[in-house]
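Please build the complete structure, drawing on both the sequences and the hints.
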Amino acid sequence: MGDRHSAVGDFLVEDKTKALLKFDGTITWVPPAIFKSSCPMDITYFPFDYQNCSMKFGSWTYDKAKIDLVLIGSKVNLKDFWESGEWEIIDAPGYKHDIKYNCCEEIYTDITYSFYIRRLPLFYTINLIIPCLLISFLTVLVFYLPSDCGEKVTLCISVLLSLTVFLLVITETIPSTSLVIPLIGEYLLFTMIFVTLSIVITVFVLNVHYRTPMTHTMPGWVEDDWKYVAMVIDRIFLWVFVTVCVLGTMGLFLQPLCGFVS
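Note that the numbering used here has the sequence shown beginning at 1, numbered continuously upward.
These are calculated hints, taken from the structure and not from any lab test.
A couple of the hints might just be wrong.
[Stated by the list, open to error] Heads up, simulated DSSO-like pairs for lysine-lysine below, C-alpha to C-alpha not over 27 angstroms straight-line:
hint, residue 1, residue 2
1, 22, 79
2, 96, 22
3, 36, 79
4, 18, 56
5, 66, 56
6, 96, 79
7, 100, 75
8, 64, 100
9, 56, 96
10, 36, 22
11, 16, 79
12, 75, 36
13, 66, 96
14, 36, 18
15, 64, 79
16, 75, 64
17, 18, 100
18, 22, 75
19, 36, 64
20, 79, 18
21, 64, 96
22, 96, 36
23, 22, 64
24, 66, 100
25, 56, 100
26, 22, 100
27, 75, 16
28, 22, 66
29, 100, 79
30, 66, 79
31, 56, 16
32, 56, 75
[As the list claims (entries may be wrong)] Each pair of labels, with its calculated beta carbon distance range:
hint, residue 1, residue 2, range
33, 112, 84, 20 to 26 angstroms
34, 207, 87, 48 to 54 angstroms
35, 19, 77, 15 to 21 angstroms
For every residue, glycine included, the Cβ atom is placed at its ideal position computed from N, Cα and C.
In structure tokens, the structure reads:
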């Protein structure tokens, strides 16, 4: 027996079971076994991702004339399946193939089962996505704080450090791959750039706020209203960042959420 993506090729029979002999001479033996298989992972929409893992069973030694496999039912029997807390099996169809390879004249039979599985995102939504969303929206409050409070830059840096911690947690959670960037990784990268820009703008606003004619050469119309100018800049970027944060969040999560619900 062969498994196309098998990492462990041993057929392990854990328990001894008896064969069933019928009156017509048919012998049925159903040994319990554990198959370990690896499959390519597409984590683009992690944690709202779907995976397709296939297991191919067949004989490389005997052709169809010597061993003919029979597919019983069109799908895997999930009657005794124990539900997983991380994955849900959407479908598990089975297919029988009679293939003639280039190496040989004989026809070889195999049965392939395709497991379409969906990740259950509740754990990641509660522990990763929602905290990231809340922390990213805290960035907007930076522009609502008055410049005299002296905590604007501190809040920005605290948010940036929190996002860095979440990024370290995510790198330990998702499979390591350089083929694609997962959805939540894109969102964290977007948010970190977002927070970095807010720090730069906040420093600029504080610089404008604390300017005086003694330290800077300023136009006459600004000398008396420099604090008002800083407040106006704060309010402008408050609405700009609210718009960018909402649109960026919706743009990243709307497509995978719609696909997951449907």
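A quick look at each hint next to the structure:
{"no.": "1", "hint": "22 - 79", "verdict": "holds (24 angstroms)"}
{"no.": "2", "hint": "96 - 22", "verdict": "holds (25 angstroms)"}
{"no.": "3", "hint": "36 - 79", "verdict": "holds (20 angstroms)"}
{"no.": "4", "hint": "18 - 56", "verdict": "holds (26 angstroms)"}
{"no.": "5", "hint": "66 - 56", "verdict": "holds (19 angstroms)"}
{"no.": "6", "hint": "96 - 79", "verdict": "holds (22 angstroms)"}
{"no.": "7", "hint": "100 - 75", "verdict": "holds (25 angstroms)"}
{"no.": "8", "hint": "64 - 100", "verdict": "holds (10 angstroms)"}
{"no.": "9", "hint": "56 - 96", "verdict": "holds (10 angstroms)"}
{"no.": "10", "hint": "36 - 22", "verdict": "violated (32 angstroms)"}
{"no.": "11", "hint": "16 - 79", "verdict": "holds (21 angstroms)"}
{"no.": "12", "hint": "75 - 36", "verdict": "holds (19 angstroms)"}
{"no.": "13", "hint": "66 - 96", "verdict": "holds (16 angstroms)"}
{"no.": "14", "hint": "36 - 18", "verdict": "holds (24 angstroms)"}
{"no.": "15", "hint": "64 - 79", "verdict": "violated (30 angstroms)"}
{"no.": "16", "hint": "75 - 64", "verdict": "holds (22 angstroms)"}
{"no.": "17", "hint": "18 - 100", "verdict": "violated (35 angstroms)"}
{"no.": "18", "hint": "22 - 75", "verdict": "holds (25 angstroms)"}
{"no.": "19", "hint": "36 - 64", "verdict": "holds (26 angstroms)"}
{"no.": "20", "hint": "79 - 18", "verdict": "holds (21 angstroms)"}
{"no.": "21", "hint": "64 - 96", "verdict": "holds (12 angstroms)"}
{"no.": "22", "hint": "96 - 36", "verdict": "holds (21 angstroms)"}
{"no.": "23", "hint": "22 - 64", "verdict": "holds (24 angstroms)"}
{"no.": "24", "hint": "66 - 100", "verdict": "holds (15 angstroms)"}
{"no.": "25", "hint": "56 - 100", "verdict": "holds (16 angstroms)"}
{"no.": "26", "hint": "22 - 100", "verdict": "violated (34 angstroms)"}
{"no.": "27", "hint": "75 - 16", "verdict": "holds (26 angstroms)"}
{"no.": "28", "hint": "22 - 66", "verdict": "holds (22 angstroms)"}
{"no.": "29", "hint": "100 - 79", "verdict": "violated (34 angstroms)"}
{"no.": "30", "hint": "66 - 79", "verdict": "violated (32 angstroms)"}
{"no.": "31", "hint": "56 - 16", "verdict": "holds (24 angstroms)"}
{"no.": "32", "hint": "56 - 75", "verdict": "holds (14 angstroms)"}
{"no.": "33", "hint": "112 - 84: 20 to 26 angstroms", "verdict": "holds (22 angstroms)"}
{"no.": "34", "hint": "207 - 87: 48 to 54 angstroms", "verdict": "holds (52 angstroms)"}
{"no.": "35", "hint": "19 - 77: 15 to 21 angstroms", "verdict": "holds (19 angstroms)"}
Violated hints, in rising order: 10, 15, 17, 26, 29, 30; the structure is consistent with all others.
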